[in-house]
Amino acid sequence: MSEEYIVDVENMTIRFNLASEKVDNLKEYFIKLIKHELMFQEFLALKDVNLKVKAGEAWGLIGINGSGKSTLLKAICGILKPYKGTIRTVGTIAPLIELGAGFDMNMTARENVFLNGTVLGHSRKFMQEHYDEIIGFAELENFQDVPIKNFSSGMQARLGFAIATMVKPDILVVDEILSVGDYQFQQKCYGRMNEMLQGGTTLLYVSHDINSVKDLCDHAIWLDHGVVKKSGLVEEVAAEYMNENR
Amino acid sequence: MAAMIERINVLIQYKDLLRELVVRDVKLKYRRSFLGYLWSILSPLLIMIVMTIVFSQMFDRGIDNFPVYLLTGSALFEFVNSSTHMAMYSVLDNSALLKKIYVPKYIFTLAKITSSVVDLVFSMGALFLVMLVTRAHFSLYMLLIPVVVIQIYLFACGLGFLLSAANVFFRDVQYIYNAFTTAWMYLTPIFYPIEMLDKMEWVRWIITHLNPMYYYIQHFRDLVLYGRFTDAAIFWGGWLFSFVVLFIGLFVFKKTQDKFILYV
Numbered sequence: 001m002s003e004e005y006i007v008d009v010e011n012m013t014i015r016f017n018l019a020s021e022k023v024d025n026l027k028e029y030f031i032k033l034i035k036h037e038l039m040f041q042e043f044l045a046l047k048d049v050n051l052k053v054k055a056g057e058a059w060g061l062i063g064i065n066g067s068g069k070s071t072l073l074k075a076i077c078g079i080l081k082p083y084k085g086t087i088r089t090v091g092t093i094a095p096l097i098e099l100g101a102g103f104d105m106n107m108t109a110r111e112n113v114f115l116n117g118t119v120l121g122h123s124r125k126f127m128q129e130h131y132d133e134i135i136g137f138a139e140l141e142n143f144q145d146v147p148i149k150n151f152s153s154g155m156q157a158r159l160g161f162a163i164a165t166m167v168k169p170d171i172l173v174v175d176e177i178l179s180v181g182d183y184q185f186q187q188k189c190y191g192r193m194n195e196m197l198q199g200g201t202t203l204l205y206v207s208h209d210i211n212s213v214k215d216l217c218d219h220a221i222w223l224d225h226g227v228v229k230k231s232g233l234v235e236e237v238a239a240e241y242m243n244e245n246r
Numbered sequence: 001m002a003a004m005i006e007r008i009n010v011l012i013q014y015k016d017l018l019r020e021l022v023v024r025d026v027k028l029k030y031r032r033s034f035l036g037y038l039w040s041i042l043s044p045l046l047i048m049i050v051m052t053i054v055f056s057q058m059f060d061r062g063i064d065n066f067p068v069y070l071l072t073g074s075a076l077f078e079f080v081n082s083s084t085h086m087a088m089y090s091v092l093d094n095s096a097l098l099k100k101i102y103v104p105k106y107i108f109t110l111a112k113i114t115s116s117v118v119d120l121v122f123s124m125g126a127l128f129l130v131m132l133v134t135r136a137h138f139s140l141y142m143l144l145i146p147v148v149v150i151q152i153y154l155f156a157c158g159l160g161f162l163l164s165a166a167n168v169f170f171r172d173v174q175y176i177y178n179a180f181t182t183a184w185m186y187l188t189p190i191f192y193p194i195e196m197l198d199k200m201e202w203v204r205w206i207i208t209h210l211n212p213m214y215y216y217i218q219h220f221r222d223l224v225l226y227g228r229f230t231d232a233a234i235f236w237g238g239w240l241f242s243f244v245v246l247f248i249g250l251f252v253f254k255k256t257q258d259k260f261i262l263y264v
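In order, the protein sequence lines correspond to chains A and B.
FYI, this note's numbering numbers position 191 of the first sequence as 191, with every residue one higher than the one before it.
FYI, this note's numbering numbers position 191 of the second sequence as 191, with every residue one higher than the one before it.
Any given hint could turn out to be false.
[Stated by the list, open to error] Using C-beta positions, here's what the derived DEER-type ranges look like:
(1) Tyr186(B) with Asp145(A): 39 to 49 Å
(2) Pro193(B) with Ile31(A): 37 to 47 Å
(3) Arg32(B) with Gly232(A): 34 to 44 Å
The hints are simulated quantities; they were obtained by calculation from the structure and are not laboratory data.
In this text, all values refer to a predicted model and were calculated from it rather than measured experimentally.
Backbone N, C-alpha and C fix where the C-beta goes; we use that ideal spot for every residue, glycine too.
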């Protein structure tokens, strides 16, 4: 039954410890242990979320800041473990990560391509085969041996996008990354994402730009304070979301 | 069993990442320095010269070829000291990445220890230079040096896993460990002979029973300096320390790693 879903999130709850002061040294830990104050001040970032995605679908995640969109993506990527419920995913996941998270600023673009590629789980050989393609897409031919710290944020974003989308993943996870970079490059990225969608990649897309969600996605899930408010076809969800937030 | 195979597969999948991280550490260490990798040989040599001048006056009677005696001890101790110190920060330093992508977290710790092995190999180069200069005897037993290196590598990995996990939850570990390694250094016969402690029975007992570094260094010196097999007790004791510490480190790391993301 569940085999037909490429992402299957069932009754998932994610809990954080919001304890007013974070205990990260031993003295406090023992004091609180003795006073029985180590109690959790729990915060449920997601409550009983269900999301079933079939292969080839494009889902937009919408909602106001702090509604749990990124938390949901992190759980799907396997970074956060659910407190309750289950997550099943099938196939490879390529996350489009925030600027520079996978980069070492002291190293050159060339070295970072290999570092970041292997962080994503590719082999070195695979990266060698695709190296020219990545640099070509990122339009950084003249800056291959320049340390990344001298790059503009747009250049870094281009490189990151090029590395993450070079391989055709089964699931592409995009978290509001395209806001950087110039218009021309944004169009290029949308083009690439559309291309991948046509090729059967599943997309999970977070953006505050409701129009780009409507353009790219066929389904949407609307989160509000950790609860699914509505999920289904993108037009219906987006219309209702726009209505509410007018 | 299936879980074990799964883990090995993941490690194989990420072996190139391990390689890239090690290469990065080695490359960045001496970037912008004039002498580059030569420092990995020069730096232990310079320290050895200073220490020899200072200490050979004090303990010269008991030790023949003091420079080699000192370098054999300090090379191994320096490896454990610097690799575990770097490993301690390995999870915290990569927190930005760990929050964004799923990567097996232990890769970063493993990479720090592994890149320190490169330094250890260089400092062995320094050791051989000194052996040449002091006309020390090169014996066939030196072919067994990799055994010691494997023992100490496993030990450092275990300690590194333990420290990197502990440091995520309690930043105090950094300061405690600094003091700890200082005490550890003085409680390891690096620049003094163990016989010097004959009058302090209990200190000697602690060192020869509870200090793993004593085992590795003694083993190493038997092979390099004295040209003989080490005692069975030193040999097996070394393996025992390696595997016990590795097991504890892996166990703690595995138990706590899912919570890292909430604390980094």
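Structure-based check of each hint:
no., hint, result
1, Tyr186(B) with Asp145(A): 39 to 49 Å, "holds, 46 Å"
2, Pro193(B) with Ile31(A): 37 to 47 Å, "holds, 45 Å"
3, Arg32(B) with Gly232(A): 34 to 44 Å, "violated, 56 Å"
Figure legend: structure checked against the earlier numbered hints; the only hint not met is number 3.
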